[in-house]
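**Student:** Given next are the chains, with one letter for each unit.
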Amino acid sequence: DQQVKQNSPSLSVQEGRISILNCDYTNSMFDYFLWYKKYPAEGPTFLISISSIKDKNEDGRFTVFLNKSAKHLSLHIVPSQPGDSAVYFCAASSSYSGAGSYQLTFGKGTKLSVIP
Amino acid sequence: SQTIHQWPATLVQPVGSPLSLECTVEGTSNPNLYWYRQAAGRGLQLLFYSIGIGQISSEVPQNLSASRPQDRQFILSSKKLLLSDSGFYLCAWSLAPGGKNIQYFGAGTRLSVL
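Protein chains in written order, with our numbering: chain A, 962 to 1077; chain B, 41 to 154.
Treat the hints as calculated values from the structure; they're not laboratory data. Remember, it's a predicted structure, so these values are computed and weren't measured experimentally. No residue lacks a Cβ here, since even glycine has one placed at the ideal position from N, Cα and C. Fair warning: there could be bad hints in the mix.
What the hints assert, rightly or not - With the Cβ distance kept under 10 Å, some of the chain A side facing chain B (calculated, not the full set):
(1) Q967
(2) S969
(3) L995
(4) K999
(5) T1006
(6) F1026
(7) K1029
(8) S1056
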């Protein structure tokens, strides 16, 4: 059972335009969400996160939106740059479960290609 | 600042051979430590996590084991590798015991079992 889903395996965007990466989750106990960026043969790099008490968090060109009622979050990159080309993972965690609070549940990732 | 080191970067091992991957964290004390595996075309799967020396929790029953002999050292082992153990192994650390669980990853080890 996949609790965090990234339904688009890939996305191509023109340089300078907006990239929107989507993520859906099924576990209503998740209360903290993260986005990671991963280049080939490297470990994921933390990008941005959002707590369930917020619906938006912004950091430079990156903005994460959370819609709790729809169990959906999205990452917006504006403007997109060729260096943003990477695989983006959505992840979620829950502070409610003692053991589960250590675990991040990851989606399968979306490969973003920014075309110059 | 904190850094995480993971080695080797790549490893090719025959089926049935042992495995030892090492991960160390610098610049912090008593971190939570994690081992993940990314199989081809799949997301990140948590294998083990540790909240302290000698404390290991396994998330997926399998051919692998983990140990934490020192505060900032985490080791992934196997006595006999299987073909299905091939993948990209990642070590990670975090500070918070829960809630804002931001995990920071090492560069990973690409393991090919032949």
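**Student:** Take the shortest C-beta to C-beta distance between A:S969 and chain B; is it under 10 Å?
**Tutor:** violated, 14 Å
**Student:** Let me know if the C-beta of A:F1026 comes in closer than 10 Å to any C-beta of chain B, holds or violated.
**Tutor:** Given a least distance of 18 Å, the restraint on A:F1026 is violated.
**Student:** Let me know if the C-beta of A:K999 comes in closer than 10 Å to any C-beta of chain B, holds or violated.
**Tutor:** holds, 9 Å
**Student:** Is the interface hint satisfied for A:Q967? The criterion is a beta-carbon contact with chain B at less than 10 Å.
**Tutor:** Interface hint status for A:Q967: holds (8 Å vs cutoff 10 Å).
**Student:** At a threshold of 10 Å, is the proposed contact between A:K1029 and chain B supported by beta-carbon distances?
**Tutor:** This hint is violated: A:K1029 lies away from chain B, its Cβ roughly 16 Å from the closest one there, beyond 10 Å.
**Student:** Under the criterion of a CB-CB separation shorter than 10 Å, is A:S1056 in contact with chain B as hinted?
**Tutor:** holds, 4 Å
**Student:** Taking the closest Cβ pair, is A:T1006 under 10 Å from chain B?
**Tutor:** For A:T1006, the interface hint holds, since the closest Cβ of chain B sits about 7 Å away, which is under 10 Å.
**Student:** Any CB of chain B closer than 10 Å to the CB of A:L995?
**Tutor:** With a minimum Cβ separation of about 7 Å from chain B (threshold 10 Å), the hint on A:L995 holds.
In summary, the structure is inconsistent with hints 2, 6, 7 from the numbered list given earlier, while agreeing with the others.
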